[in-house]
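*Asks:* Once you have looked at the hints, place chain B on chain A.
Just so you know, the sequences run in chain order A and B.
Its first residue numbered 12, the first sequence is counted upward by one per residue in our numbering.
Its first residue numbered 127, the second sequence is counted upward by one per residue in our numbering.
Treat the hints with care, since some could be wrong.
[Unchecked claim] Derived SDA-like pairs (lysine to any residue); straight-line CA-CA distance at most 25 Å:
1) A:347 / A:336
2) A:347 / A:331
3) A:347 / A:221
4) A:347 / A:41
5) A:347 / A:317
6) A:347 / A:48
7) A:347 / B:208
8) A:347 / A:337
9) A:347 / A:273
10) A:347 / A:44
11) A:347 / A:226
12) A:347 / B:212
13) A:347 / A:297
14) A:347 / A:335
15) A:347 / B:297
16) A:347 / A:214
17) A:347 / A:247
18) A:347 / B:213
19) A:347 / B:210
20) A:347 / A:45
21) A:347 / B:214
22) A:347 / A:173
23) A:347 / B:209
24) A:347 / B:343
FYI, nobody ran anything at the bench for these hints, they're computed from the structure.
What follows is each chain in one-letter form.
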Amino acid sequence: MTTTAPLDDITESMLEGPAPGRRPRGTLIGLGVGVVVLFAGLAVPYVITDTYRMSLLLDATILSLMALGIGFLARHLGQISLGHGAFFGVAAYGVGVATTNWGWSPTAAVGFAVLAGTAISLVMGVLVVRASGFGFLMLTLALSQALYSLSVQTSARPLTGAHDGKLLSYDREMTFLGLTQADVMNPGLFWPFAWIALTACAMVLWLVGRSPFGTTLEGIRENEERMRFSGYDTFLPRLTAFVLSGAVASLGGALFAINAGYVSPEILGFTTAGDSLIAALIGGFGMLAGPVLGTFLFVYAQANFNFGGNLHLFTGIALIVVLVFMPGGITGAFQKLWRRVRRSRR
Amino acid sequence: MNAAQVLNGVALGSLLMVLSSGLAMIYGLRGVANFAHGALYMSGAYIAYTVSDRFNFWLAILLVPLALAVIGVVLELVFFRPLQHRSHIELGLITFGLALMAERIVVLIWGERTLRVTPPEILQGTTTLLGVEYPTYRLSIIVIALALAAALVLWLRGSRVGLHIRAASQDIETAGIMGVNVDRVSLIVVSLGCALAGLAGTLAAPYIALDPGMGNAFLITVLIVVVVGGIGSIGGAMVAGMGLGVIQTVSTVWSPSFAVVVPYLALTIVLLWRPTGLAGKRVS
Numbered sequence: 012m013t014t015t016a017p018l019d020d021i022t023e024s025m026l027e028g029p030a031p032g033r034r035p036r037g038t039l040i041g042l043g044v045g046v047v048v049l050f051a052g053l054a055v056p057y058v059i060t061d062t063y064r065m066s067l068l069l070d071a072t073i074l075s076l077m078a079l080g081i082g083f084l085a086r087h088l089g090q091i092s093l094g095h096g097a098f099f100g101v102a103a104y105g106v107g108v109a110t111t112n113w114g115w116s117p118t119a120a121v122g123f124a125v126l127a128g129t130a131i132s133l134v135m136g137v138l139v140v141r142a143s144g145f146g147f148l149m150l151t152l153a154l155s156q157a158l159y160s161l162s163v164q165t166s167a168r169p170l171t172g173a174h175d176g177k178l179l180s181y182d183r184e185m186t187f188l189g190l191t192q193a194d195v196m197n198p199g200l201f202w203p204f205a206w207i208a209l210t211a212c213a214m215v216l217w218l219v220g221r222s223p224f225g226t227t228l229e230g231i232r233e234n235e236e237r238m239r240f241s242g243y244d245t246f247l248p249r250l251t252a253f254v255l256s257g258a259v260a261s262l263g264g265a266l267f268a269i270n271a272g273y274v275s276p277e278i279l280g281f282t283t284a285g286d287s288l289i290a291a292l293i294g295g296f297g298m299l300a301g302p303v304l305g306t307f308l309f310v311y312a313q314a315n316f317n318f319g320g321n322l323h324l325f326t327g328i329a330l331i332v333v334l335v336f337m338p339g340g341i342t343g344a345f346q347k348l349w350r351r352v353r354r355s356r357r
Numbered sequence: 127m128n129a130a131q132v133l134n135g136v137a138l139g140s141l142l143m144v145l146s147s148g149l150a151m152i153y154g155l156r157g158v159a160n161f162a163h164g165a166l167y168m169s170g171a172y173i174a175y176t177v178s179d180r181f182n183f184w185l186a187i188l189l190v191p192l193a194l195a196v197i198g199v200v201l202e203l204v205f206f207r208p209l210q211h212r213s214h215i216e217l218g219l220i221t222f223g224l225a226l227m228a229e230r231i232v233v234l235i236w237g238e239r240t241l242r243v244t245p246p247e248i249l250q251g252t253t254t255l256l257g258v259e260y261p262t263y264r265l266s267i268i269v270i271a272l273a274l275a276a277a278l279v280l281w282l283r284g285s286r287v288g289l290h291i292r293a294a295s296q297d298i299e300t301a302g303i304m305g306v307n308v309d310r311v312s313l314i315v316v317s318l319g320c321a322l323a324g325l326a327g328t329l330a331a332p333y334i335a336l337d338p339g340m341g342n343a344f345l346i347t348v349l350i351v352v353v354v355g356g357i358g359s360i361g362g363a364m365v366a367g368m369g370l371g372v373i374q375t376v377s378t379v380w381s382p383s384f385a386v387v388v389p390y391l392a393l394t395i396v397l398l399w400r401p402t403g404l405a406g407k408r409v410s
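Okay, chain A solo, but in the shape it has when bound:
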């Protein structure tokens, strides 16, 4: 039961939210940092010449797109999704089907796949965004699991390859934005695409979060009912945010399929989405970069601590430790530390 006047809370949370009109300089500085990070990242293949390390970095960058989408939804809408594997996976299969079955060029296939993943997120969004909390978690999980179950059916074999997965094949002359099939599998050559996609998406999501639309989302997150009473439509903003986050995950899935040249049904399954969610949680939702940091750590851990197939034992422990002792994740802990340092200086 709250005793404060309902209106107070809304204005308060709105003022707290980032308002671009009031802080255009912050936006410019943020964009500047983003562009610097973008260009600095492009130099990575020249610094890291080891192919294995480079491929790990590339994997982490691609998977970060999914975590970024999950994080956006959690940060601005307070909704935890276990269904982003569906968008990632549908886009990945979209690339496979468009190139291998229809003979499209990889570039067109990626465009199609991102649209297909986004379309799935629109359909799923219509069904799930009204739910909140656990309802949302379970619905996203159930619907993505339904897609997984359909994809491994024998009748889906021509499209998805069922349990065998799908091997991409396209003409030797066809290229993905100038890269042949051998080139896209070279992590150093494919890196710029993944990195630009990640930084561009992160900047777009960051700007959306700071826009009036982002403020509306935060209002819905804080109290959906009050937003409705205040005359806001809450369905459309939630759906838009969901589709936006689904589109980012779809882009990740499409790039993943092009780079790997193979799509296994596991990526549609619950483990992929679960791993990505865990990575995002460990990184922390408080900052947009949190899920990305978490994914890089996760991929690093996967490569180095997976002895005896015990990775999930460790991720389970890590998840519990983070949730129990530092609910804001790693970036949250840093933010807290930073705030404490600043306060003690004053």
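*Replies:* Chain B alone, transformed into the frame defined by chain A:
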């Protein structure tokens, strides 16, 4: 379609009923969807394998729920109670982490290969029912599960503790103010829910093959059952579990690829038609 297929559906439904009533009870009280429920069911089945291997199956039916009840006490005391003021989603994700760990621990102890449990001799063979020869063991699953469900409902409706559980599920704060010892009720509910998961695992062990993925496969169906039945409603979960079990098994006969999407379809339809589930009052 013949009687045997319907009975198969009822047997699957019985297992779903036992599992989902435990999940629904915990959900109703703590507001947490226990993602570790599938892992508890799996651990139950594996412990039952060891006990029936060393001693006999009857002892397993007795011991496994007790062992799982102890795990439930640990769950409540270590996670649910100290963290009850955290958001429910966070607690749910912690149980997700526990499930991940449990799956690996089971592999470390029992290995990855598929294991089988033989039912006790009296329950082997078949019985003639409704004009068909039907495996006796599956019939006994149905009988045990139905008896258990009836006992659970009677206990919840008739006893003082049952009254407290129902009160706390409606509104835990008000129940606490009215003098219900909420911590004690919660301890009972969580350990009972875990014991039921263990019992479901034990009953399922001779019926299905044991593998470390069995918990996850079932968990999603059980979560769906609980949502379809109405979040927090035990009766709703029981009815939905039985219904889903029968519908899924029967539709497998018609079209296997349709049958796999039946739970998801049911979930989507029910939530579009009645967002709070069949027997639910609230969505949380």
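*Asks:* For residue 347 of chain A and residue 214 of chain B, compute the direct alpha-carbon distance and say whether it is at most 25 Å.
*Replies:* 23 Å, holds
*Asks:* Taking 25 Å as the top limit, are the C-alpha atoms of residue 347 of chain A and residue 208 of chain B close enough?
*Replies:* Judged against 25 Å, a Cα distance of about 23 Å means the pair holds.
*Asks:* For the pair we were handed, residue 347 of chain A and residue 48 of chain A, check the Cα-Cα distance against 25 Å.
*Replies:* 24 Å, holds
*Asks:* Between the alpha carbons of residue 347 of chain A and residue 273 of chain A, is the straight-line distance 25 Å or under?
*Replies:* With Cα atoms ~42 Å apart, residue 347 of chain A and residue 273 of chain A exceed 25 Å; violated.
*Asks:* Holds or violated: residue 347 of chain A and residue 337 of chain A, Cα atoms, limit 25 Å.
*Replies:* Cα-Cα ~10 Å, so holds.
*Asks:* Decide if the proposed pair is consistent with the structure: residue 347 of chain A and residue 297 of chain A, CA atoms, cutoff 25 Å inclusive.
*Replies:* Cα-Cα ~11 Å, so holds.
*Asks:* For a C-alpha distance cap of 25 Å, please report whether residue 347 of chain A and residue 343 of chain B respect it.
*Replies:* Violated, at roughly 39 Å.
*Asks:* Do the alpha carbons of residue 347 of chain A and residue 331 of chain A lie within 25 Å of each other, as the hint requires?
*Replies:* 20 Å, holds
*Asks:* When you check the alpha-carbon spacing of residue 347 of chain A and residue 41 of chain A, does it fall within 25 Å?
*Replies:* This hinted pair holds, its Cα atoms lying about 21 Å apart.
*Asks:* For the pair supplied as a hint, residue 347 of chain A and residue 317 of chain A, is the alpha-carbon distance within the 25 Å limit?
*Replies:* Roughly 31 Å between the alpha carbons, so the hint for residue 347 of chain A and residue 317 of chain A is violated.
*Asks:* CA of residue 347 of chain A to CA of residue 221 of chain A, is that 25 Å or under?
*Replies:* Status holds; Cα separation ~21 Å.
*Asks:* Given the hinted pair residue 347 of chain A and residue 212 of chain B, is their alpha-carbon gap at most 25 Å?
*Replies:* 18 Å, holds
The structure shown violates the earlier hints numbered 5, 9, 15, 17, 22, 24.
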